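Undergrad: As a plain string of letters, each chain reads:
2 protein chains.
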Amino acid sequence: MAKPISIYQLEGGPNQFFSPFCWAAKFAVAHKGFAIENIRWKFREADKIAFSNQGLVPVIVDGNKDGKWVNDSWAIAKYLEKTYPHRPSLFGEAAVLFVQKWFQTGGPLDVLDKILVLDEFNALTPDLQPWFRETREPMFGCTLEEYSVGEAGVPDFRKALEPMRQLLAEYPYLGGKDSPSYADDFVAGFFMMAYALSPVKLLEKDDVIHAWRERMMAAYGGIGKTAIGYPESL
Amino acid sequence: MAKPISIYQLEGGPNQFFSPFCWAAKFAVAHKGFAIENIRWKFREADKIAFSNQGLVPVIVDGNKDGKWVNDSWAIAKYLEKTYPHRPSLFGEAAVLFVQKWFQTGGPLDVLDKILVLDEFNALTPDLQPWFRETREPMFGCTLEEYSVGEAGVPDFRKALEPMRQLLAEYPYLGGKDSPSYADDFVAGFFMMAYALSPVKLLEKDDVIHAWRERMMAAYGGIGKTAIGYPESL
Chain A
4 MAKPISIYQL EGGPNQFFSP FCWAAKFAVA HKGFAIENIR WKFREADKIA
54 FSNQGLVPVI VDGNKDGKWV NDSWAIAKYL EKTYPHRPSL FGEAAVLFVQ
104 KWFQTGGPLD VLDKILVLDE FNALTPDLQP WFRETREPMF GCTLEEYSVG
154 EAGVPDFRKA LEPMRQLLAE YPYLGGKDSP SYADDFVAGF FMMAYALSPV
204 KLLEKDDVIH AWRERMMAAY GGIGKTAIGY PESL
Chain B
4 MAKPISIYQL EGGPNQFFSP FCWAAKFAVA HKGFAIENIR WKFREADKIA
54 FSNQGLVPVI VDGNKDGKWV NDSWAIAKYL EKTYPHRPSL FGEAAVLFVQ
104 KWFQTGGPLD VLDKILVLDE FNALTPDLQP WFRETREPMF GCTLEEYSVG
154 EAGVPDFRKA LEPMRQLLAE YPYLGGKDSP SYADDFVAGF FMMAYALSPV
204 KLLEKDDVIH AWRERMMAAY GGIGKTAIGY PESL
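Chain order of the listed sequences is A and B.
Take any residue in the first sequence, count from 1 to its spot, add 3: that is its number in the working numbering.
Take any residue in the second sequence, count from 1 to its spot, add 3: that is its number in the working numbering.
Only chain A is shown next, with the shape it has when bound in the complex (with noise of 0.2 Å):
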């Protein structure tokens, strides 16, 4: 029978378990199936979990494996899938949908439809263009040209891909180490949209997100590649 795992969580105050950290590890190890051991940690308790070579909770220690200890949230989920792959998975595809939520509703995609809107009605050919406008128009609530904000918008552009940015900075992709997956698939269809639409430089060259663009466009044979578009843009 599988043993308990211990976890060093916060105890804030007398009986306070706040930490959003701590409480993440330990609905991941809930999650696997095991009994949990709680140890108490107070803030500046750096004694008690010296063993880790660092000072801050959540650490778990596995009594299923001679005691392996492993600190940090994320670092706690990833190690408990690799070692426990039969046990209810930690990862889950409806992420992939949330990726794409993410970029719609609220986010970047706001500021970039209207970085792009004038550009994307000048592309019509001339018998769509009162179309476009009758239809776009009403649900923006202004006209086409008091909606666009043009090359302006791009520092809003930028900080609010943030998220994107820090999850790069650790993976290639967002699908992870190895090879995309549909949430880069989406995301790129989206700079597709501007490198077809506009020569606006939309990413710094030292961004992460400039050289995962540029793995995107190469992907799948280099298909982005091959697109007709602005290459200043790139």
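Derived from the structure by calculation, the hints contain no laboratory data.
Given the structure is predicted, the values throughout are model-derived calculations rather than measurements.
Where hints are given, some of them may not hold.
Pairs involving identical chains hold if they fit within one copy or between any two copies, as the list cannot separate such chains.
When the alpha-carbon atoms are kept at most 25 Å apart in a straight line, the in silico SDA-like pairs for lysine to any residue are as follows [said to hold, decoys possible]: (1) Lys204 / Ile52; (2) Lys45 / Ile226; (3) Lys228 / Ser9; (4) Lys117 / Pro141; (5) Lys208 / Tyr174; (6) Lys81 / Gln57; (7) Lys81 / Pro91; (8) Lys180 / Pro88; (9) Lys45 / Thr138.
Since the structure of chain A is provided, determine the placement of chain B on it from the hints.
TA: Below, chain B alone, put in the same frame as chain A:
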């Protein structure tokens, strides 16, 4: 040998293929290793895709499955993953880390911290309070009292959760249809923090996130429900 998959994709202007959703579908088909047959579709060409009983592209037609068609980029991704599970996966674990980055980086946590900071301060034993103030105030660039927004931050917090709300309108968990993932565990940890610290009602009862929080507090034998906190906050 596999036959190509056809894609009806938007030709927005002459030779201009800028629809991000068509690009996402195109990347996804290439991702699965199929050759692509491009079929040009112009705005308002309803007749050309009338077979799909709707008026938007992308639509794919799969020559390997008796010409089965699928419309909508996310439905196409799910169809490809389900139909061709042994080809490179469209889903990847890093998206679970993305949910964490989203929550913490310019997202819901920014405001949640400001709602809870004084509750956290007050939860500490008196010996730790000066240390908390001395370490946090330089990070915030102001006093704890100036940083705090308390209950007034709740509308912004709810708004920042919008991508998660949209996801949970389609799936019971961030992890998908049947069970939580570590993305659920992680975000639930922050709701446990709030539960432990504050009577503030973060969520309205008719919010899908409210029902999700119930499910997460009851998950894994109910370890969340047994925690000491403010039941009136739920």
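Undergrad: Against the structure shown, which of the earlier numbered hints fail to hold, in ascending order?
TA: 1
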